[in-house]
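A.B. asks: Let chain G serve as the given structure and place chain L on it in line with the hints.
Residue-level listing of the chains:
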Amino acid sequence: MTKKVKRSILYLILVLIALTQLFPLYWLVTFSLKSNIEIFGANVIGLPQEWRWDNYIEAFTTGGIFRYFMNSVLYSLVTVVMTGLLSAMAGYALTRMHWKFRALVFGIFTLGIMIPTQAALLPLFQVLDKLGLKGGYLGLMIPYTVFAIPMSIMILTGFYKGIPKEMEEAAYIDGCGVFRCFASIIIPIIKPALATASIFTFLNTWNELMFANTLVDSDKFRTLPVGIMSFAGQYSTDWGLIGAGMVIATLPTILIYFLLSNQVQESLVAGAVKG
Amino acid sequence: MERMLGKKKYIAVFVLPALLLFLLFGIAPLITTGVYSLFDYDGIGKMDFLGLDNYIELFTTDRYFPRALRNSFILVGASIFIQLPVSLALAMILSRGVKGEKAFRTIYFIPVVISSMVIGQLWMKIFHSEYGLLNIFIRFLGMKDFEYSWLSNPSTAFLSTVVPSIWQYIGYHMLIFYAGIKSISTDYYEAAKIDGATNWQTSIKITIPLLAPVIKTCMVFALTGSLRAFDLIYVMTNGGPNHASDVPGTLMYNNLFRKGLYGYGSAQAFFIVLECLVLSLVISKLFKRAEENASAI
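Listed in order, the protein sequences are those of chains G and L. For the first sequence, the residue numbers in the working numbering are 73 to 347. For the second sequence, the residue numbers in the working numbering are 242 to 538.
If we strip away everything but chain G, and leave its shape as in the complex, we get (with noise of 0.2 Å):
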């Protein structure tokens, strides 16, 4: 075999592997702009010949699919924040405070990577119902925060730890208080980190399943994936519909990642890389 053929070959292994990925979802972004005629045999995959834009819109007002948008972004934002603030301060003290437990306490935190989130999960149904925050928008930040909270953390300390000290040493010989260098001095320098930690946070946070539908149970409080699910099952003949809602569910995620390509592949292998 000559070169040029064993590279064509090659080459198209990648094509066909790209296609196998892509096919799917082409077909899901085009049923969902189709009547049920087109995609139950009058034209099953090609592009629709009536592009429905009525199925999104039917999809954002009867099945209450804003409402649960809403919920996810509440959802996402305030854990995303939380995540930062806390896991921000936290690597902060594991890699430039001195103190006795670090050691254990930076290997807890390891630990808590590892923890399978089902093995918490009836445990933590029963601590919040008896809190009194299971069900509500606390009862499901909680969980989000403190699942995101170690990866986090490795994140973050991975980049502390190459970080030169001379910046915070000069402030705080001018007399900088820890809490104003922290703030003024040190966010600003770990932000590209924090970026990467976030965009995790919010994938996961977004994504999630399992705690989002053991844990609420009212549609007030309902997130995207859930609403989706059931909508799904309550139209479940109305396939066009059930794509607009998945589409909705996909575009933010699909968004950020086609804007921050390398941001996001680099934030969901951090992990992998660096353990």
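Among these hints, one or two may not hold up.
27 Å max Cα-Cα, derived DSSO-like pairs, lysine-lysine [claimed, not checked]:
| no. | chain 1 | residue 1 | chain 2 | residue 2 |
| --- | --- | --- | --- | --- |
| 1 | G | Lys292 | L | Lys500 |
| 2 | L | Lys249 | G | Lys78 |
| 3 | G | Lys76 | L | Lys457 |
| 4 | L | Lys423 | G | Lys233 |
| 5 | L | Lys500 | L | Lys423 |
| 6 | L | Lys446 | G | Lys75 |
| 7 | L | Lys500 | G | Lys76 |
| 8 | G | Lys206 | L | Lys287 |
| 9 | L | Lys248 | G | Lys233 |
| 10 | G | Lys172 | L | Lys423 |
| 11 | G | Lys202 | L | Lys287 |
| 12 | G | Lys78 | L | Lys343 |
| 13 | L | Lys340 | G | Lys263 |
| 14 | L | Lys340 | G | Lys76 |
| 15 | G | Lys237 | L | Lys250 |
| 16 | G | Lys263 | L | Lys423 |
| 17 | L | Lys434 | G | Lys75 |
| 18 | G | Lys237 | L | Lys248 |
| 19 | G | Lys78 | L | Lys500 |
| 20 | L | Lys526 | G | Lys202 |
| 21 | G | Lys233 | L | Lys457 |
| 22 | G | Lys233 | L | Lys249 |
| 23 | L | Lys340 | G | Lys75 |
| 24 | L | Lys500 | G | Lys206 |
| 25 | L | Lys343 | G | Lys263 |
| 26 | L | Lys248 | G | Lys263 |
| 27 | G | Lys75 | L | Lys423 |
Example chain G residues on the side facing chain L (calculated, C-beta under 10 Å, incomplete) [what the hints assert, rightly or not]:
| no. | residue |
| --- | --- |
| 28 | Ala165 |
| 29 | Ala191 |
| 30 | Leu194 |
| 31 | Ile259 |
| 32 | Ile261 |
| 33 | Trp278 |
| 34 | Asn285 |
| 35 | Pro297 |
Think of the hints as simulated: they come from the structure by calculation, not from any bench. All values reported here derive from a predicted model rather than from experimental measurement. The C-beta atom is built at its ideal place from N, Cα and C for all residues, glycine as well.
C.D. replies: Structure of chain L alone, referenced to chain G:
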């Protein structure tokens, strides 16, 4: 600075919020699950201590757990022997610098950022017996005998959930491998080139051995991810029909939240934690030699 950063007050303020939250809502529940697993407990009545009876029951009288466990190991096998080799091959081809390298990387990774709820719903539609893509394609080829009701047929239901599980994370592992390959010094390749090695030879003799630590990481991820599998299967079949596609994760979930078997379900949950830990250690042990060889190159 040293004096400032040694003050207990500051350390407490910085580390305690995250630590207390994590201990209270992360570690304590995990330990509680471990404790529950030793009891007969329905959440309301009193707790009867059983010792390890729940765990013994998993393998003796439970009609569904052995099958669920076997299913999870099929998933592990598919991840390690199908998903990882495909990802590794893609990473190796891409890292040689082909046209459109970045575009390929971006495309392969797209499914990773999508919610498993959406992936599950989408593949449910693909496997739909009447209007699903797969059966429409099969009908188009005229192979009527292969037209199954994929998700409601006990013999195909589980395998139908394996396909999207593999599909979704190919790009994820590809990227980890890719990053690993890119971090290998080009000196090795130049030396190999001078010695007249072919691309294939350099892949087998240099890239793969030097990649041992990364392969280990991916294998541990594939292993633990498969053992704790839940979302996709919950969405697509919820373990059905008649438990044919159950994995320990779905079985546990339904025992806890449908049947109220708090003690028994906790034993299943804790079993997942334990098997993840033990088997990850086994993989690390197996790779120890390979890694030593890698550092000898």
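A.B. asks: Taking the hints in turn, state whether each one holds.
C.D. replies: Against the structure, the hints:
1. Among the hinted pairs, Lys292/G with Lys500/L is consistent with the structure: their alpha-carbon atoms are about 26 Å apart, no more than 27 Å.
2. For the proposed pair Lys249/L and Lys78/G, the alpha carbon gap of about 65 Å is over 27 Å, so the pair is violated.
3. At most 27 Å may separate the alpha-carbon atoms for a hinted pair to count; Lys76/G and Lys457/L exceed this at roughly 34 Å.
4. Taking the CA atoms of Lys423/L and Lys233/G, the gap is near 23 Å; set against the 27 Å cutoff, the hint holds.
5. Straight-line distance between C-alpha atoms of Lys500/L and Lys423/L comes to about 50 Å, which puts the hinted pair past the 27 Å bound.
6. Restraint check for Lys446/L and Lys75/G: the C-alpha separation of about 20 Å stays at or below 27 Å, so the hint holds.
7. Restraint check for Lys500/L and Lys76/G: the C-alpha separation of about 62 Å exceeds 27 Å, so the hint is violated.
8. Simply put, Lys206/G and Lys287/L have alpha-carbon atoms about 23 Å apart, close enough for the 27 Å limit, and the pair holds.
9. Of the supplied pair hints, the one linking Lys248/L and Lys233/G holds, its CA atoms being roughly 20 Å apart against a limit of 27 Å.
10. Simply put, Lys172/G and Lys423/L have alpha-carbon atoms about 39 Å apart, too far for the 27 Å limit, and the pair is violated.
11. At roughly 18 Å between alpha-carbon atoms, Lys202/G and Lys287/L fall within 27 Å of each other, so this suggested pair holds.
12. Pair hint Lys78/G plus Lys343/L holds up; C-alpha atoms about 21 Å apart against a cutoff of 27 Å.
13. Among the hinted pairs, Lys340/L with Lys263/G is inconsistent with the structure: their alpha-carbon atoms are about 33 Å apart, more than 27 Å.
14. Between Lys340/L and Lys76/G, the direct Cα distance comes to roughly 14 Å. Compliance with the 27 Å bound is thereby established for this hinted pair.
15. The suggested pairing of Lys237/G with Lys250/L holds, with an alpha-carbon distance near 21 Å, which does not exceed 27 Å.
16. With a CA separation close to 25 Å, the supplied pair Lys263/G and Lys423/L stays within the 27 Å bound.
17. Only pairs whose Cα atoms come within 27 Å are accepted, and Lys434/L paired with Lys75/G is accepted, the gap being roughly 16 Å.
18. The suggested pairing of Lys237/G with Lys248/L holds, with an alpha-carbon distance near 18 Å, which does not exceed 27 Å.
19. Only pairs whose Cα atoms come within 27 Å are accepted, and Lys78/G paired with Lys500/L is rejected, the gap being roughly 57 Å.
20. The straight-line distance between the Cα atoms of Lys526/L and Lys202/G is roughly 43 Å, outside the 27 Å bound, and the hint therefore fails.
21. About 25 Å separates the Cα atoms of Lys233/G and Lys457/L, which keeps this hinted pair within 27 Å; it holds.
22. With a C-alpha separation of about 21 Å, the suggested pairing of Lys233/G with Lys249/L holds against the 27 Å cut-off.
23. Between the alpha carbons of Lys340/L and Lys75/G the distance comes to roughly 16 Å, so the proposed pair stays at or under 27 Å and holds.
24. At most 27 Å may separate the alpha-carbon atoms for a hinted pair to count; Lys500/L and Lys206/G meet this at roughly 20 Å.
25. Proximity of Lys343/L to Lys263/G is assessed by CA-CA distance (about 25 Å); at most 27 Å being required, the pair is judged to hold.
26. For the hint linking Lys248/L to Lys263/G, the alpha-carbon distance of about 26 Å falls within 27 Å, and the restraint holds.
27. Distance restraint check for Lys75/G and Lys423/L: the Cα-Cα separation of roughly 23 Å lies within the 27 Å cut-off, and the hinted pair is therefore satisfied.
28. A hinted interface residue such as Ala165/G counts as satisfied when its beta carbon comes closer than 10 Å to some beta carbon of chain L; here the least separation is about 4 Å, so the hint holds.
29. Hint status for Ala191/G relative to chain L: holds, with the closest Cβ pair at about 5 Å, below 10 Å.
30. At its closest, the beta carbon of Leu194/G sits 5 Å from a beta carbon of chain L; the interface hint therefore holds under the 10 Å criterion.
31. Annotation: interface hint on Ile259/G violated; nearest CB of chain L at approximately 13 Å, more than 10 Å.
32. Because the smallest distance between the Cβ of Ile261/G and any Cβ of chain L comes to about 15 Å, over 10 Å, the interface hint for this residue is violated.
33. Here the hint on Trp278/G is kept, as its CB sits about 7 Å from the closest CB of chain L, short of 10 Å.
34. At a threshold of 10 Å, the smallest CB-CB gap from Asn285/G to chain L is about 8 Å, leaving the interface hint in force.
35. For Pro297/G, the interface hint holds, since its Cβ comes within 10 Å of a Cβ in chain L; the closest pair sits about 4 Å apart.
Comparing the model with each earlier hint shows violations of hints 2, 3, 5, 7, 10, 13, 19, 20, 31 and 32; every other hint is respected.
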